[in-house]
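**Q** Listed below, chain by chain, are the residues.
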Amino acid sequence: MRILSKLVFIAALIAAAPVAFAQGTGAGKITVEQPWARATPAGAMTGAAYMTLANKAKTADRLTGASSDVAAKVQIHEMKVVNGVMQMREVAGGLAIPAGGSVTLKPGSYHVMLMGLKKPLVAGQSFPLTLTFAKAGTISVTVPVQAMGATGGGGMSGMGGMQPGKSGGMGKMEMK
Amino acid sequence: MRTRHWVITAVSGVAGFAVAALAIFFVAGAPHIGHVGVASIGGPFTLVDDTGKPVSDKTLAGKPYAIYFGYTYCPEVCPTTLFDLTRWIKKLGPDADKLNYVFVTVDPERDTPKLMHAYLASFDKRIRGFTGTPAQIAKIAGEYRVYYKKVPSSDGSYTMDHSSMIYLMDADERFDSLIAYQEKDASAVAKLKNLASQAPTS
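Line by line, the protein sequences give chains A and B.
If you're matching positions, the first sequence starts at 1 in the working numbering and goes up one per residue.
If you're matching positions, the second sequence starts at 1 in the working numbering and goes up one per residue.
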């Protein structure tokens, strides 16, 4: 109990919540860092989750799918703005994660698309997400929901220098 | 040897010309716009708003307006844009009421007035939602040079590709300027302030 509270305290201090407490067959080979999602408007049927996937294995892997209690269907999508036109596509065959490398899912790029939301994603709350990898199997993580317009705190500002309260779904989220 | 050289030069010249011509064709023919004549954007429309009331271009007449095309099933760009717009409206202060704000769906099949109304409750109350029949949406999108396209997804549903900028129109429904996706606050607010300054004094 004391160790647990200590851990929570340390995690809060670091604030970047570097590695989610992950479970599943894939835990260990693939790490899911800083998962987060944006709050969705009322009535919205879709949402997006973001994170960094790091592959510690010596072989490449692929994120092939995902599921969550909060959505009827979950897909891996890529978003881009090309000449002012927003384009979104399902990532065919899954998202590759190079051996010893990592891929960051973030706004304006790859995201885990939650389709058929059963209720809005509310800032300050969190939801479960299970990711399926071609080789590593499944990993389940808890995704904290940040404010609408949040940029995730993590991936964007690089290593270190994280400010408490700006990331990881802990504490108050700032709007930009 | 020399002849061969000439042939290569000629061929690459022709190829280069073709590429240039294609580039011009695509840039000129592209569905979105960087600089467009004032007269060519906007036009009459008939739609319904998010309370189910019929609306037309006359509904917006008399005030300059910001008009944005998107859809509620959009996971990122549309909520972000409406969220940004909400913040800019707040920053405008009293000037905000000199403008109209409209979110037009490019996905009329799913975006009912009721859904748009619920969705827009998460943003500034002054942003109104417009929807209509697919034909009515096609008409207004054409007038505003908005590109949109349905993209089927593997599960039988679909997403929409669509233009991501906000159009600023003056009180006489003439094109003023664009706000790009995720434009900086200072620049976007300056454009909106400038637009508000053109509002006819009542």
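Think of the hints as simulated: they come from the structure by calculation, not from any bench.
We put the CB at the ideal spot given by N, CA and C, even for glycine.
Treat the hints with caution; some may be incorrect.
Just some of the chain A residues that point at chain B, by a computed CB distance under 7 Å [as the list claims (entries may be wrong)]:
id, residue
1, Gly24
2, Gly28
3, Pro41
4, Val122
If you want the footprint, here are the derived chain B segments under chain A, 3+ residues with CB under 8 Å [to be verified]:
id, region
5, 57-64
6, 88-101
7, 121-128
8, 161-167
9, 189-196
**Q** Look at each hint and say if it fits the structure.
**A** Against the structure, the hints come out as follows:
At its closest, the beta carbon of Gly24 of chain A sits 23 Å from a beta carbon of chain B; the interface hint therefore is violated under the 7 Å criterion. At about 30 Å, the closest approach between the beta carbon of Gly28 of chain A and any beta carbon in chain B exceeds 7 Å, and the interface hint on this residue is violated. A cut of 7 Å between beta carbons decides the hint on Pro41 of chain A: the least distance to chain B is about 4 Å, and the hint holds. Because the closest C-beta pair between Val122 of chain A and chain B is about 11 Å apart, greater than 7 Å, the hint is violated.
Residues of the region 57-64 of chain B with a Cβ under 8 Å from some Cβ of chain A number 0, which does not satisfy the need for three, so the listed coverage is violated. Check on the region 88-101 of chain B: 0 of its residues sit with their Cβ under 8 Å from a Cβ of chain A, so the three-residue criterion for coverage is violated. Coverage of the region 121-128 of chain B by chain A holds [criterion: at least 3 residues with CB-CB distance below 8 Å; count 3]. Three residues within the 8 Å Cβ limit are the bar, and the region 161-167 of chain B against chain A gives 5, so the coverage statement holds.
Coverage of the region 189-196 of chain B by chain A is violated in this model, with 0 residues showing a Cβ closer than 8 Å to a Cβ of that chain against a need of three.
Hint check: violations occur at hints 1, 2, 4, 5, 6, 9; the rest are consistent with the structure.
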